[in-house]
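Asker: Just so we're aligned: 1271 in my numbering is position 431 of the sequence shown, and the numbers increase by one with no gaps anywhere.
Some clues are possibly wrong.
To be verified - Straight-line C-alpha distance at most 25 Å; calculated DSS-like pairs for lysine-lysine:
id, residue 1, residue 2
1, 1416, 1372
2, 1048, 983
3, 1406, 1317
4, 874, 910
5, 922, 1001
Keep in mind that the hints were calculated from the coordinates and are not lab data.
Just so you know, these numbers come straight off a predicted model, no measurement behind them.
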Amino acid sequence: MSVKAFKLVPAVEQEMLMGDKVRINIECIECCGKNLYIGTNDCFIYHFLLEEKISSTGKITFAATKQLYKHLGFKKAVNELKAASALNRLLVLCDNTMTLVHMMNLEPVPSGARIKGAVTFTLNENPVSGDPFCVEVCIISVKRRTIQIFMVYEDRVQIVKEVLTPEQPCAVAIDGHYLCLALTTQYIILNYNTGNFQDLFPYCSDEKRPIVKRIGRQEFLLAGPGGLGMFATVDGISQRAPVHWSENVIGAALCFPYVVALDDEFITVHSMLDQQQKQTLPFKEGHILQDFEGKVIVATDKGVYILVPFPLERQIQDLLASHRVEEALVLAKGARRNIPKEKFQVMYKRILQQAGFIQFAQLQFLEAKELFRYFALGLLYHYNSQDAAALQLWVKIVNGDVQDPTRSDLYEYIVDFLTFCSDQELVWKYAEWVLLKNEEVGVQIFTKRPLEEQQKNTFNPDDVIRCLNKYPKSLVKYLEHLVFDRKIEKENYHTHLAVLYLDETLQLKSVTTDNCAELNGVQTKLRSLLQKSDLYRVHFILEKIKGTDLHMENAILYGKLEEHDKALHILVHELKDFPAAEDYCVWSSESKDLAYRQRLFHMLLSVYLNPGPSDCELVVAAVDLLNNHAAEFDAARVLQLVPDSWSLQLLSPFLTGAMRQSIHTKRMTQIALGLAEAENLIYKHDKAKLKGRSIILSDKKLCQVCQSPFCEPAFVRYPNGGMVHTHCAANRLVNPNMTHRFSSPSSQT
841 MSVKAFKLVP
851 AVEQEMLMGD
861 KVRINIECIE
871 CCGKNLYIGT
881 NDCFIYHFLL
891 EEKISSTGKI
901 TFAATKQLYK
911 HLGFKKAVNE
921 LKAASALNRL
931 LVLCDNTMTL
941 VHMMNLEPVP
951 SGARIKGAVT
961 FTLNENPVSG
971 DPFCVEVCII
981 SVKRRTIQIF
991 MVYEDRVQIV
1001 KEVLTPEQPC
1011 AVAIDGHYLC
1021 LALTTQYIIL
1031 NYNTGNFQDL
1041 FPYCSDEKRP
1051 IVKRIGRQEF
1061 LLAGPGGLGM
1071 FATVDGISQR
1081 APVHWSENVI
1091 GAALCFPYVV
1101 ALDDEFITVH
1111 SMLDQQQKQT
1121 LPFKEGHILQ
1131 DFEGKVIVAT
1141 DKGVYILVPF
1151 PLERQIQDLL
1161 ASHRVEEALV
1171 LAKGARRNIP
1181 KEKFQVMYKR
1191 ILQQAGFIQF
1201 AQLQFLEAKE
1211 LFRYFALGLL
1221 YHYNSQDAAA
1231 LQLWVKIVNG
1241 DVQDPTRSDL
1251 YEYIVDFLTF
1261 CSDQELVWKY
1271 AEWVLLKNEE
1281 VGVQIFTKRP
1291 LEEQQKNTFN
1301 PDDVIRCLNK
1311 YPKSLVKYLE
1321 HLVFDRKIEK
1331 ENYHTHLAVL
1341 YLDETLQLKS
1351 VTTDNCAELN
1361 GVQTKLRSLL
1371 QKSDLYRVHF
1381 ILEKIKGTDL
1391 HMENAILYGK
1401 LEEHDKALHI
1411 LVHELKDFPA
1421 AEDYCVWSSE
1431 SKDLAYRQRL
1441 FHMLLSVYLN
1451 PGPSDCELVV
1461 AAVDLLNNHA
1471 AEFDAARVLQ
1481 LVPDSWSLQL
1491 LSPFLTGAMR
1501 QSIHTKRMTQ
1511 IALGLAEAEN
1521 LIYKHDKAKL
1531 KGRSIILSDK
1541 KLCQVCQSPF
1551 CEPAFVRYPN
1561 GGMVHTHCAA
1571 NRLVNPNMTH
1581 RFSSPSSQT
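Use the sequences and the hints to build the structure in full.
Answerer: In structure tokens, the structure reads:
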């Protein structure tokens, strides 16, 4: 359904620009404030001042006053113009060369600064340098598959980066370190700082003109397949639904909340909020469509026009008058970016009231009730950057001070809101309230904060811990977040978490049975932390455990102190948990060498055998240990330890495994020895062949290292036939040239 969003107003007509010179065409335009620049096909730049005039009836017109014009001295068209107002410079692309001229007098800068070999260029509106006295320029170079990044100052240019692309680039837009490129067959996002890139979607540059336009921070608008205007972020995803425009679109511009598209017959207006086409304006022979600081300008070869937007409030009122409530509300919510805060607050409240009464008159009572919402008022405060007022109102709803059943999950909504709130003072103000309501949910305002905030330690963990000391469940959750999620290696966090686990375990053991699921869960966490962490204070935890029945935990702590005999004694004699004792030997020797592992298993075997063979339970455990872990033992030492009364059949699995391992080791050693002997035999054969050749030495022969004759029969012969003195051969490593000559594959005979 149509909306009167824009009207087309002439700005510069043909006679004003070129008089009766019919062969002169507009090639490019640039607008900076009231300054309008036009580049033509005969290498001229024209400078106009634009004055907006509003009549008593509200009609808008533009008066353009020509200031001056300048010929660039070439016979080529002016391809592109970009204003750098901070430098008072105009960047001009003509004949594949970008030059700098003064914005007011159009004179080239005295230094003659220029960039050669540019096909097209664009400015980085989200610069990474932070230098206010320069602009960042990205060009597509005439070099094949090459993008170049420059820093442009008042009187000089400096190249920063040169990046190769997978295919030849046709169009480019830039945001920070990210380039959005139209290549020959596809669009891609490329990070010129890291060189990483990701494909977006394909298109054919031979069939239609690519469109690549930055529309906001880290977001681009592209001409996609099937007549779609596609949105893409620097992460390669689309956070908005595409808009449907013409297959023959040749230009696009953004005037929030609308996307304006140009083809060879029409200007079409599409909503970014609901993706519908809202308006169509006939416009033939157009070939330029650009937006400049919210001003949308279109041009034909002969004239320049401005798309003047109707006030959003008027558009909303027109929609309400047509009873198009949903469209009016969508547009009203989107209008908050374009309307001052105070005005928007008053306007939105009135629109909600109007929409509510319209739906009430249409007997849509439930929908009308929604529009008459405290929760919505809180959203209104938030959209106007009044988060404190929004939270105060929402807290009253949760506390029951005011009634609004709109959101049954409002408490969780508040927690989520605070989690992503950047106002630290506001988060601290409501931290106590959310924790009192629900410790385990409320702590999410600290544990689920955005990753970039956590990396910067916006909320000091020690401050958070002090706040949570009154809330034990929240404190445990937060310490788990620090230790397991963020993997912070600080002794006090690991020790504190271990103490909390321990205290909760002891408290639960005092009031419940051993089969309690909650107790088992906490005790499992305690054992896992004690076993896997190397950062807590072992002696401190050991002192707290003494005198309790936490034998397994005691054993783990002794293991951390390398007192394995004590640990194994507890597991075997106090707990009588033989599988746990075997597991202890396994995890305690992780990442250690074979000797360390064997030492632990031999120590466990000694614990089993120390009481003597009369303890049948330990005898069985010892036999099982040997038979199940034969590879972990030194068979010779085992045979010295086991009692003589044990039968051969009892140890047959262990002996079989030990024999197999011994035989395997012996055979592998024999194979290695045989291979070495074979290799030695080959060398001996080669040596014998070399010795069998005759060598003639005369006083005419020269050493190939020092080029001196031989004075005695002793010499050294290289595999390639070269002969050198024995002392020269000894020093051959100090002569890299000769070494290279003899060892080079090309010189081998």
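Asker: Please flag the earlier hints that this structure goes against, numbers listed from lowest up.
Answerer: 3
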